[in-house]
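Chemist: Please build the complete structure, drawing on both the sequences and the hints.
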Amino acid sequence: MKFFKQRKNYEIGFDFVSISMANLAFIVLAFLILSIPKKEKGILFAFEEKEQLESPSNYVRFSINDKGEFFIEDENLSYDKLLEKLKAYLSEDSTRSIYLIIHRNATYEYFIKAFDIANETFKTLKLSPKIFIGVIKR
Amino acid sequence: MAVRVKFPKREIPGISLISLANLGFIIAIFLILAIKFKKNPKIENINLPVSSSAFEILGQKRIVDIVVLSSGDIYVDGVKINSVNDLESFILPKMKGDLTIFIKADKNINVGVYVDLIEKLRKLGINKIALITGG
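Chains as they are written, first to last, in this note's numbering: chain A, 1 to 138; chain B, 1 to 135.
Hints may contain errors.
[Stated by the list, open to error] Result set (EDC-like, lysine to aspartate or glutamate): computed pairs, CA atoms no more than 20 Å apart in a straight line:
1) Lys-67/A to Glu-49/A
2) Lys-41/A to Asp-77/B
3) Lys-38/A to Asp-98/B
4) Lys-38/A to Asp-65/B
5) Lys-126/A to Glu-92/A
6) Lys-39/A to Glu-44/B
7) Lys-128/B to Glu-49/A
[Stated by the list, open to error] Every beta carbon over 10 Å from chain A, so not counted as near; a handful from chain B, in silico:
8) Lys-36
9) Glu-56
10) Glu-88
11) Ile-91
[As the list claims (entries may be wrong)] Stretch-level coverage of chain B by chain A, calculated; a stretch enters the list once three of its residues show a Cβ under 8 Å from a Cβ in chain A:
12) 40-53
13) 105-111
No wet-lab data here; the hints were simulated from the structure.
Note that this is a predicted model, so its numbers are computed, not measured.
Glycine included, every Cβ here is placed at the ideal spot set by N, Cα and C.
Modeler: The structure is reproduced here in structure tokens:
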């Protein structure tokens with residue numbers, strides 16, 4: 001009796017037909033998902049180079065203390081009266097800017113609120129916004 | 001009587017490598033997607049401030065995402081950093097051209113935390129910052 005060692009041959013190769021449509025669709029879909037930009041809302045700040053920074057002059061002082069109280073030129077005002085007051089100041093002299101002075105311990109939410117009001121003032125008066133931001137520690 | 005039986009000719013089995021490559025590729029894509037959409041519960045529970053000045057920010061070349069929690073903890077691309085000085089290692093290797101940093105800060109943080117962060121970013125040469133708001 002003879003025993004023959006069985007010899008197996010396999011063909012190894014690339015068969016491009018094997019890329020099914022489903023596979024291809026999955027890959028394309030995955031790439032699309034990865035490349036979709038995140039749609040987010042926010043405020044975009046473009047800062048000037050430090051050398052070009054100008055010191056604020058001829059401005060309306062708009063400040064927030066550590067308790068979240070708003071002041072315009074040292075006058076304590078409620079939130080709903082801020083816009084009218086700022087508009088009155090800028091209507092007198094439209095070349096003025098708004099200098100937003102915030103206490104370090106005030107919350108970020110108040111900073112955004114103050115920025116919104118300052119921005120809204122310029123918008124309603126159809127002026128280009130000029131807002132300076134300063135932070136105080138005391 | 002002799003009967004002659006004809007056996008069909010055996011075909012050599014073939015192994016297509018393309019299926020294996022496909023499989024590997026699909027697994028890799030799946031892993032990338034899973035990492036991309038993996039949510040850190042700490043980072044997701046953030047109270048963003050609402051702003052009327054906000055608009056949809058598109059077309060900005062994003063370097064890193066910074067998240068500031070109400071506790072003052074800062075996360076850069078999902079990784080917690082100990083201080084703003086650690087920002088350098090995340091940002092400097094990616095500095096090329098006109099770049100924007102996206103900041104998601106909890107509305108209850110102190111302005112001081114935010115200011116320290118901005119100052120550090122400016123020192124690193126970042127001039128464009130997007131403050132992400134909610135609502």
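Chemist: Please go over all the hints and tell whether each is borne out by the structure.
Modeler: Cross-check of the supplied hints:
{"no.": "1", "hint": "Lys-67/A to Glu-49/A", "result": "violated, 32 Å"}
{"no.": "2", "hint": "Lys-41/A to Asp-77/B", "result": "holds, 18 Å"}
{"no.": "3", "hint": "Lys-38/A to Asp-98/B", "result": "holds, 18 Å"}
{"no.": "4", "hint": "Lys-38/A to Asp-65/B", "result": "holds, 12 Å"}
{"no.": "5", "hint": "Lys-126/A to Glu-92/A", "result": "holds, 14 Å"}
{"no.": "6", "hint": "Lys-39/A to Glu-44/B", "result": "holds, 16 Å"}
{"no.": "7", "hint": "Lys-128/B to Glu-49/A", "result": "holds, 11 Å"}
{"no.": "8", "hint": "Lys-36", "result": "violated, 7 Å"}
{"no.": "9", "hint": "Glu-56", "result": "violated, 6 Å"}
{"no.": "10", "hint": "Glu-88", "result": "holds, 18 Å"}
{"no.": "11", "hint": "Ile-91", "result": "holds, 15 Å"}
{"no.": "12", "hint": "40-53", "result": "holds (count 5)"}
{"no.": "13", "hint": "105-111", "result": "holds (count 7)"}
In this structure, the hints that do not hold are numbers 1, 8 and 9, in rising order.
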